[in-house]
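Number of protein chains: 2
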Amino acid sequence: MLDVTSPHLLGPVPAHVTLVGAGPGDPELLTVKAVKALANAQTVLYDNLVSPGVLELCAAQAEKIYVGKQASRHALPQEEICQLLVQLAQAGRSVLRLKGGDGYIFGRGGEEAQALAEAGIPFTVIPGLTAAQGAAANHGIPLTHRDHARVLIFATGHLKQDRSVDLDWDVLSRPQQTVVIYMGLGTLPVISAQLVAHGLPASTPAALIEKATAPDERCITGTLGELPSMAQAHHLKSPTLIVIGEVVKLREQLHPRLEEIHGYPIPSLRMK
Amino acid sequence: MLDVTSPHLLGPVPAHVTLVGAGPGDPELLTVKAVKALANAQTVLYDNLVSPGVLELCAAQAEKIYVGKQASRHALPQEEICQLLVQLAQAGRSVLRLKGGDGYIFGRGGEEAQALAEAGIPFTVIPGLTAAQGAAANHGIPLTHRDHARVLIFATGHLKQDRSVDLDWDVLSRPQQTVVIYMGLGTLPVISAQLVAHGLPASTPAALIEKATAPDERCITGTLGELPSMAQAHHLKSPTLIVIGEVVKLREQLHPRLEEIHGYPIPSLRMK
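Read top to bottom, the protein sequences are chains D and R.
Using the numbering used here, read the first sequence as starting at 1219 and increasing by one per residue.
Using the numbering used here, read the second sequence as starting at 1219 and increasing by one per residue.
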């Protein structure tokens, strides 16, 4: 009689995959759940939006695989990342997939989760703070406010194949909203011009936040119309977040002193 | 000559206030920074969206003051909370203001920060996961997805004084978006009807998530048109999040087993 419980007949049992949101950058902004998962990780797949401080929290014996991508230069296409996740898990390796921000907000975590589900691999998701939340806290820009913004919109400024930006400008041009655009630095002139063309005043307060929550983060404020020249004048680089709306003007009053946030040494976060 | 450094002449130096996002409920979804702040807290002001498990992480000697509000019954009006924060800090007590979710996303953190800034009291903000992020991770609903939603919108369903709902229905009724509505359980019939009237198909997938990330959390899925009857049939209570968009249908494929998330005992999170 066939012994179906024999490991030789069954092959390795697929291991668990954990999709972990690495948050905006500051390792102290990881969730406790994420820190614990990192401390116990066997194999870690990470990309270039994951900060070095976060990576240091991985178990010493963990194998770290870089699968990062940048706007123009993909280290590994998304399909290959999905395939690698599945292959590692099928080989019995438990995998921690570490993504900057929150994997379910512009992190393509949905696609990776689908690939795992289709292959029958068990997975769980640990959410992470998205960059806008870190930027808001560190620079005194509440994302909503009764007097200024009752709606909060997250969008991306990515180019389509035909070099146009695929955004619903009508939705983004209403008053009493805060609009946050990820990955929009390269398309800033189009974003600024289109929003103004669709009725949002060029004088609307706007901010550019580079490397939100990193020790060398920068926040430049001005107006919607000035966004392209602001980016140029300050030589901003990716990742830079765009925040548009009346809430930006609250920064003058609310911005904390960054020394207080970054000034004291960050104690060890390792948890076992 | 007048000695301006004398404490008798200056009175107490105003203490620091930390506005801390308590996240969606699961204490393990707090940030490391928030856990450390709680462990060192002197006076904690909290409201009813802060879960008991999070409160337990406060320093044993911390004084906890409940200032919570519910939709219909305010424990303390917002102005009085702001005043209390200022008074405590001016009396030299360092205060940790603990708010469910993220204080800068529908948490009225902006108003409290303004009150502190106006009174010259130093403060910092620690962001927290907003309920939608916890709900998305625990129930397999990616908030964005290349094929289904390139824009993510957060709004509230609060009633205005005249009993109408103050939302820009045009913005919320577009295709290829995910719309998350906080505090909308009481106005669900209006929300459902208005979105359909403004062109969003009644068949659009939709979910109601009660007490996201709590051990007894529930997620009910159906369609936009069915939302009011779903809430009624399942006797959902506040806090319940509304998620509308094609991404909700991914839950069938992606929802993790909640036993895996809540099934194992949560180890102590206390940090000193």
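Quick caveat, the hints were computed from the structure, so don't treat them as lab data.
Keep in mind that a hint or two might mislead.
Same chains, same names: a pair is fine if it fits in one copy or spans any two.
Keeping only pairs whose Cα atoms sit at most 16 angstroms apart, straight-line, the calculated EDC-like set for lysine to aspartate or glutamate is [stated by the list, open to error]:
1) Lys-1455 <-> Glu-1297
2) Lys-1467 <-> Glu-1329
3) Lys-1378 <-> Asp-1365
4) Lys-1282 <-> Asp-1380
5) Lys-1254 <-> Glu-1464
6) Lys-1254 <-> Glu-1297
7) Lys-1467 <-> Glu-1444
8) Lys-1455 <-> Asp-1434
9) Lys-1455 <-> Glu-1435
10) Lys-1378 <-> Glu-1336
11) Lys-1378 <-> Glu-1297
12) Lys-1467 <-> Asp-1388
13) Lys-1378 <-> Asp-1434
14) Lys-1467 <-> Glu-1274
15) Lys-1254 <-> Glu-1274
16) Lys-1282 <-> Glu-1444
Okay, the hints, checked on the actual structure:
1. Lys-1455 <-> Glu-1297: So Lys-1455 and Glu-1297 fail the 16 angstroms test inside a copy (27 angstroms) and across (41 angstroms) alike.
2. Lys-1467 <-> Glu-1329: between (37 angstroms within a copy, 14 angstroms between copies)
3. Lys-1378 <-> Asp-1365: between (35 angstroms within a copy, 13 angstroms between copies)
4. Lys-1282 <-> Asp-1380: neither (36 angstroms within a copy, 57 angstroms between copies)
5. Lys-1254 <-> Glu-1464: For Lys-1254 and Glu-1464, the Cα distance exceeds 16 angstroms both inside one copy (38 angstroms) and across copies (33 angstroms).
6. Lys-1254 <-> Glu-1297: For Lys-1254 and Glu-1297, the Cα distance exceeds 16 angstroms both inside one copy (28 angstroms) and across copies (39 angstroms).
7. Lys-1467 <-> Glu-1444: within (14 angstroms within a copy, 40 angstroms between copies)
8. Lys-1455 <-> Asp-1434: within (12 angstroms within a copy, 44 angstroms between copies)
9. Lys-1455 <-> Glu-1435: Within one copy, since 11 angstroms is at most 16 angstroms while 41 angstroms is not.
10. Lys-1378 <-> Glu-1336: neither (28 angstroms within a copy, 45 angstroms between copies)
11. Lys-1378 <-> Glu-1297: The answer is neither: 18 angstroms in one copy and 47 angstroms across copies each exceed 16 angstroms.
12. Lys-1467 <-> Asp-1388: Neither, since 23 angstroms and 26 angstroms both go past 16 angstroms.
13. Lys-1378 <-> Asp-1434: neither (31 angstroms within a copy, 42 angstroms between copies)
14. Lys-1467 <-> Glu-1274: neither (36 angstroms within a copy, 37 angstroms between copies)
15. Lys-1254 <-> Glu-1274: For Lys-1254 and Glu-1274, the Cα distance is within 16 angstroms only inside one copy (13 angstroms; across copies 19 angstroms).
16. Lys-1282 <-> Glu-1444: neither (41 angstroms within a copy, 46 angstroms between copies)
Of the numbered hints listed earlier, those contradicted by the structure are 1, 4, 5, 6, 10, 11, 12, 13, 14, 16.
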